[in-house]
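Per this note's numbering, the sequence shown runs over residues 251 to 493.
Worth flagging that the hints you see were computed from the coordinates, not collected in a lab. Any given hint could turn out to be false.
Label-pair restraints from in silico Cβ distances [to be verified]:
| no. | residue 1 | residue 2 | range |
| --- | --- | --- | --- |
| 1 | 260 | 386 | 20 to 30 Å |
| 2 | 448 | 353 | 36 to 46 Å |
| 3 | 304 | 403 | 47 to 57 Å |
| 4 | 306 | 465 | 45 to 55 Å |
| 5 | 253 | 360 | 35 to 45 Å |
| 6 | 399 | 275 | 29 to 39 Å |
| 7 | 346 | 415 | 54 to 64 Å |
| 8 | 295 | 375 | 14 to 24 Å |
| 9 | 283 | 406 | 48 to 58 Å |
| 10 | 306 | 413 | 49 to 59 Å |
| 11 | 402 | 291 | 30 to 40 Å |
| 12 | 367 | 281 | 42 to 52 Å |
Okay, derived cross-link-like pairs now, DSSO-like style, lysine-lysine, Cα gap no bigger than 30 Å in a straight line [stated by the list, open to error]:
| no. | residue 1 | residue 2 |
| --- | --- | --- |
| 13 | 471 | 444 |
| 14 | 323 | 492 |
| 15 | 450 | 471 |
| 16 | 404 | 325 |
| 17 | 442 | 471 |
| 18 | 450 | 438 |
| 19 | 270 | 404 |
| 20 | 323 | 404 |
| 21 | 438 | 404 |
| 22 | 492 | 325 |
It should be emphasised that the depicted structure is a prediction, and the values quoted were computed from it without experimental measurement. The beta-carbon is built from N, C-alpha and C at its ideal position, and this holds for glycine as well.
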Amino acid sequence: NYNAHLIAYPEVDWQAFAEKFVTDLGLDWNPYTTQIEPHDYIAELFDVIARYNTVLIDFARDVWGYISLGYFKQKTIAGEVGSSTMPHKVNPIDFENAEGNFGIANALFDHLAAKLPISRWQRDLSDSTVLRNLGVGVAHTVIALESLLRGIGKLEANPARTAEDLDATWEVLAEAVQTVMRRYGVEKPYEKLKELTRGKGIDAESLRVFIDTLDIPAEAKQRLRTLTPAGYIGNAAEQARKI
């Protein structure tokens, strides 16, 4: 409120003076504060970083799972130990390390974002000890990012393994067949596909036999006959290239 300033020098435009003083130092001018400079912007920043980290935790877990399923292989690094008792193992340690560090970072960021906007009567100093840990959360995030990039650099696709799984899941094409059946007015398409696929293993031949029984145009039948689980990807490749 410039109380003392205005009593001593009432002729001075203290708000204009303060703004010029602050901006001349290259700082952003904030005309309205409490007893302290609000920490709201720090909370907002850390909320954003925490959401970013959460996306990457999800990514790290997914890749860990794909490695476990054999969809990805990892390049071996000379001298690297994968297990204390099983020397043949190549564990996804980089993705595990990334997940752990992102988690620690987010725990800190969550506390910082919740704590820093609060100050008893705008004057307590509990924020000072918290502010000393700003760099800790950022450091864990950087370590996690480096681990994630290191892990990605070791990945090799295993097309033989993915092809094996795809060839065993012809039932995924039930969606395509049902949608075409609906287009041409076939009665109860969902129920018919459910009877064919639910709880049963089907293969290319059994699906094609079912397609041949459908009362739909020959061109539509032929298009369905040529479908494979591996080729049923819509325009995924086109969309991926646009990201």
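Hints and how they fare:
1. Take residue 260 and residue 386: their Cβ atoms lie about 47 Å apart, and the range 20 to 30 Å is violated.
2. The beta-carbon spacing between residue 448 and residue 353, approximately 39 Å, falls within the hinted interval of 36 to 46 Å.
3. A hinted range of 47 to 57 Å for the beta carbons of residue 304 and residue 403 is inconsistent with their spacing of about 23 Å.
4. Take residue 306 and residue 465: their Cβ atoms lie about 50 Å apart, and the range 45 to 55 Å holds.
5. Checked against the given bound of 35 to 45 Å, the beta carbons of residue 253 and residue 360, roughly 38 Å apart, stay inside it.
6. The hint said 29 to 39 Å for the Cβ distance between residue 399 and residue 275, and at roughly 37 Å that hint holds.
7. Between residue 346 and residue 415 the Cβ separation comes to about 24 Å, which falls outside the hinted range of 54 to 64 Å.
8. Between residue 295 and residue 375 the CB atoms are about 22 Å apart, so this pair conforms to the stated range of 14 to 24 Å.
9. Taking the beta carbon of each, residue 283 and residue 406 are about 55 Å apart, inside 48 to 58 Å as hinted.
10. About 29 Å separates the C-beta atoms of residue 306 and residue 413, a value inconsistent with the hinted range of 49 to 59 Å.
11. In this structure, residue 402 and residue 291 meet the distance hint of 30 to 40 Å, their C-beta atoms being roughly 32 Å apart.
12. The hint said 42 to 52 Å for the Cβ distance between residue 367 and residue 281, and at roughly 19 Å that hint is violated.
13. Between residue 471 and residue 444 the alpha-carbon distance is near 19 Å, which keeps this suggested pair within the 30 Å criterion.
14. A C-alpha spacing of about 27 Å is found between residue 323 and residue 492, which places the hinted pair at or below 30 Å, so the restraint holds.
15. Of the supplied pair hints, the one linking residue 450 and residue 471 holds, its CA atoms being roughly 23 Å apart against a limit of 30 Å.
16. For the given pair, residue 404 sits about 5 Å from residue 325 by alpha-carbon distance, which is consistent with the 30 Å threshold.
17. A distance of roughly 16 Å separates the Cα atoms of residue 442 and residue 471; the hinted pair therefore holds under the 30 Å criterion.
18. Among the hinted pairs, residue 450 with residue 438 is consistent with the structure: their alpha-carbon atoms are about 19 Å apart, no more than 30 Å.
19. In summary, the hint linking residue 270 to residue 404 is not supported, as the alpha carbons are separated by about 54 Å, beyond the 30 Å threshold.
20. Distance check on the hinted pair: residue 323 and residue 404 sit about 8 Å apart at the alpha-carbon level, within 30 Å; holds.
21. Under the criterion of a C-alpha separation no larger than 30 Å, the hint pairing residue 438 with residue 404 is inconsistent with the structure, at around 49 Å.
22. Using a Cα cut-off of 30 Å, the hinted pair residue 492 and residue 325 holds, with the two alpha carbons roughly 29 Å apart.
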